[in-house]
Amino acid sequence: MMPRDEPFTIFAPENGNETLPPAEEGLLTHPDLVKRLLLDHIVLGVKIDLQLSSELTFSTLGGRTVQVQTVNGTLYANGARVLQQRVEVPHGILVILDNYLFPEDMDVTNMTSTPPVVGDSMTGESLVKVTAEAAAENDDVAVETTAPPVKNSTGGFLESVTQVLSFLKSGVKVFRQFLAKSNVSHLLTDGEEYTVFVPTDHAFQRWHPIDWGFYPFSVPEFTNTIIVNHFVKGNLHQDSIKDGQTAMTLGGQEITFARKPNSSSSPGVLTVNGVQVVKGDTPVSDGNMMFLGEVLFVDDEIVKKLQQSNRDKETAPLLAFPWMRSQFLSHAFLMLEEDPDRFTHITRFLNLADIAPHIAGKGYTFFVPTDKAFEKAELSTRPDNFLSKGEGLQILLNHFVKGRLYNKDLTEGKQLHTLGDKVISVGNNDGGVMVNNANILESEIFVYNLGTMYYIDRVLFVDKMQPTESNPLLEVVNEWTTEIPDEVERIPSEIADERGDLPDLLEEEEQGYNSTAHYHEENDLEDEPEEYDDNYNHPETISHQINSTGSIQDDSEDYDGNVTTSIRPPR
1 MMPRDEPFTI
11 FAPENGNETL
21 PPAEEGLLTH
31 PDLVKRLLLD
41 HIVLGVKIDL
51 QLSSELTFST
61 LGGRTVQVQT
71 VNGTLYANGA
81 RVLQQRVEVP
91 HGILVILDNY
101 LFPEDMDVTN
111 MTSTPPVVGD
121 SMTGESLVKV
131 TAEAAAENDD
141 VAVETTAPPV
151 KNSTGGFLES
161 VTQVLSFLKS
171 GVKVFRQFLA
181 KSNVSHLLTD
191 GEEYTVFVPT
201 DHAFQRWHPI
211 DWGFYPFSVP
221 EFTNTIIVNH
231 FVKGNLHQDS
241 IKDGQTAMTL
251 GGQEITFARK
261 PNSSSSPGVL
271 TVNGVQVVKG
281 DTPVSDGNMM
291 FLGEVLFVDD
301 EIVKKLQQSN
311 RDKETAPLLA
321 FPWMRSQFLS
331 HAFLMLEEDP
341 DRFTHITRFL
351 NLADIAPHIA
361 GKGYTFFVPT
371 DKAFEKAELS
381 TRPDNFLSKG
391 EGLQILLNHF
401 VKGRLYNKDL
411 TEGKQLHTLG
421 DKVISVGNND
431 GGVMVNNANI
441 LESEIFVYNL
451 GTMYYIDRVL
461 FVDKMQPTES
471 NPLLEVVNEW
481 TTEIPDEVER
491 IPSEIADERG
501 DLPDLLEEEE
511 QGYNSTAHYH
521 EENDLEDEPE
531 EYDDNYNHPE
541 TISHQINSTG
551 SIQDDSEDYD
561 GNVTTSIRPP
571 R
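In terms of the UniProt record's numbering, the sequence shown opens at residue 1 and continues consecutively.
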């Protein structure tokens, strides 16, 4: 017998359903197995509303896990089709199924373990004992699925709410986590009754960025305020709430109920501050629970203002450039590039520095010298690779500290260890904050949730840089050589480009020569006899023919039309 007034849910297979497996006669001769079968179909302490989510997971009194999910618009519980979601009975509901939740238990031969013996008179404590022992026997059931004991009325409301949320597991997981971190327990009074409006996981998911951005519930103070404002005094029930009725939350906000009329004779759809309430109450000790599809007191304008004051909570997009493995450094670099009037030198030095391997991932503080700071240190005229390696790289690393620092962390006398193995001392100067001998010009420039930047007016650990022989960074090599280095592959002589004796027709065409079959041959012109003076009638055309002996026959025609033929031996 279950405890009086304790809410419950029973998953009941429908009598006479054709899909039910025939009960084995041996099962009726094992009363312990019958009791176990019954416990595996009962959930104590909650009236489960299957409309809360498309997927729900909870535990039965027998310590077995039940999963409810929607497949093509049809609800199934452990593979059994739900015929009726909610049949109201005193203090509980029935969920009608077309099969058993664990049909394999109908085979007596599979029941090898001996279940705990349950007495005829079952109290809340004995039910919990049965549940714990059954769960211990089942390796698939986690400890958290054990049904909790029945609590007394003193402080029982919040504990009962927590128990119901743990039963449901999925669907209200986010609210349960936020509730555990809130200070609601300090606002409840023993002996008072309360009602809590529980937003589903989908309600919170609406405000979560898809890939990157700002999630308002990453701000603890804001989240606590929202959770508190979902509790009201009084044991409210949906059927008794009137249109226009108001209530005050524990956080001091007013909520207003409304009824949206529908075609049926029911009182209409209940809303609170315009948000529809999931139909059905979930009574708990000293109060009631209702479920919502939206989070109360959150809208776009509120989130926008919250984001402006909580830039350090905003997640960053993944960058493949400039340094894939150093997201903080990459985003910081791009932010500084957007202000070339003040940060030209630090960006050009960072661009060529081998610094990314030292600043992997996120969680850093960067003290950024301005251009004027580099001018004071006489570094503004140095080449871009001046701080890329060795001692120069150490100068850059001495401006980075591991960990995200806030203004509250920079107290006088604080010492910070840099990535370059130096120590920065924090001090005060006329009310301002100093790091070593540098004044902080701007503070808490958040690089998303990756880290923080502080703009300073001096380069740390550097006064003035003078060229020295011991500092190779100051040497700029401007030597040239015509020798081919050994590592350069030489072209083999057999494939080197060699020019032949014959004229290059392509070159001649580019230089304006006529590339037709009739042309003045270069060798002939070079061998002109001395008698070829200006009065000589040069051949108008020369044609060449090679006869069968290989000799070359030249036929030339002068301006008067006279043709002269000459034979030349083969070349």
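Since the hints were derived computationally from the structure, they do not count as laboratory data. Ideal Cβ positions, reconstructed from N, Cα and C, are used throughout, including at glycine. Heads up, a few of these hints could be off.
[As the list claims (entries may be wrong)] Cβ pair distances, simulated, as ranges: (1) V71 - N351: 19 to 29 Å; (2) H91 - I210: 37 to 47 Å; (3) S185 - Q85: 17 to 27 Å; (4) P322 - K408: 30 to 40 Å; (5) I210 - E378: 41 to 51 Å.
request  = Output the numbers, in ascending order, of every earlier hint that fails for this structure.
outcome  = Hints 1, 3 contradicted; others consistent.
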